[in-house]
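Under UniProt numbering, the sequence shown has 6 at position 6, and the numbering climbs by one with no breaks.
Please keep in mind that the hints were generated in silico from the structure rather than gathered at the bench. It cannot be assumed that every hint is accurate.
[To be verified] Here are the computed distance ranges between Cβ atoms for each label pair:
| no. | residue 1 | residue 2 | range |
| --- | --- | --- | --- |
| 1 | G99 | V123 | 30 to 40 Å |
| 2 | S32 | D135 | 29 to 39 Å |
| 3 | E122 | D51 | 14 to 24 Å |
| 4 | E83 | A16 | 30 to 40 Å |
| 5 | L119 | Q30 | 18 to 28 Å |
| 6 | P33 | D62 | 14 to 24 Å |
| 7 | Q104 | P64 | 33 to 43 Å |
| 8 | D5 | P33 | 30 to 40 Å |
| 9 | D144 | V123 | 29 to 39 Å |
| 10 | L28 | L119 | 31 to 41 Å |
| 11 | D144 | P33 | 11 to 21 Å |
| 12 | S118 | D96 | 15 to 25 Å |
Given the structure is predicted, the values throughout are model-derived calculations rather than measurements. We put the beta carbon where it would ideally sit given N, CA and C, even for glycine.
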Amino acid sequence: MAGEDPDPRVRPGRTADADRIRELQSHLRQPSPDLLEYGLAVGAVRVSVADARVVGYLLPVDAPNRPGVHLAELVVAPGFRREGRARGLLRAVIADADGPVTLQAHPDNDVALALYESLGFEVVERRPDAYADGDGLALRLDPDA
Numbered sequence: 001m002a003g004e005d006p007d008p009r010v011r012p013g014r015t016a017d018a019d020r021i022r023e024l025q026s027h028l029r030q031p032s033p034d035l036l037e038y039g040l041a042v043g044a045v046r047v048s049v050a051d052a053r054v055v056g057y058l059l060p061v062d063a064p065n066r067p068g069v070h071l072a073e074l075v076v077a078p079g080f081r082r083e084g085r086a087r088g089l090l091r092a093v094i095a096d097a098d099g100p101v102t103l104q105a106h107p108d109n110d111v112a113l114a115l116y117e118s119l120g121f122e123v124v125e126r127r128p129d130a131y132a133d134g135d136g137l138a139l140r141l142d143p144d145a
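Kindly produce the complete structure, drawing on both the sequences and the hints.
Below you can see the structure in the form of structure tokens.
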């Protein structure tokens, strides 16, 4: 990942983006509206734009008591998938991470899992009943390793 140019479609989320980001959140299996509001308030959200319209976002959350970041939510609008937008959002957050990057994914989400693996994430744990319809997979990337 070192030396790769950042995706020019990715930028920090802005207050004016909040309504559109909330709309995109409806695509998630288990959205966290309160966590999103916190991320918007502290300026943590990263967005992917097309023609000045937000078409995807990533919500990273850090813990004040340990290094690293957890990727709580990642969404790209259906009409803009398969354009490298999720990869661009992930790369932007990974580049800024101070420590390990973690996330949780549904084991049936083959497209997402392939993307995460291609960026160097590894499955570190299976979490029983993490989702209403089954288990979750915890993944981790150590960018400095």
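For each hint, the structure was consulted:
1. G99 with V123: 30 to 40 Å: With Cβ atoms ~19 Å apart, the hint is violated.
2. S32 with D135: 29 to 39 Å: Distance hint for S32, D135 is violated at roughly 18 Å.
3. E122 with D51: 14 to 24 Å: violated (36 Å)
4. E83 with A16: 30 to 40 Å: Violated, at about 23 Å.
5. L119 with Q30: 18 to 28 Å: holds (22 Å)
6. P33 with D62: 14 to 24 Å: holds (19 Å)
7. Q104 with P64: 33 to 43 Å: violated (20 Å)
8. D5 with P33: 30 to 40 Å: holds (34 Å)
9. D144 with V123: 29 to 39 Å: violated (20 Å)
10. L28 with L119: 31 to 41 Å: Between L28 and L119, where Cβ atoms are some 20 Å apart, the hint is violated.
11. D144 with P33: 11 to 21 Å: violated (33 Å)
12. S118 with D96: 15 to 25 Å: holds (19 Å)
Violation of the numbered hints given earlier is confined to hints 1, 2, 3, 4, 7, 9, 10 and 11; the remaining hints are satisfied by the structure.
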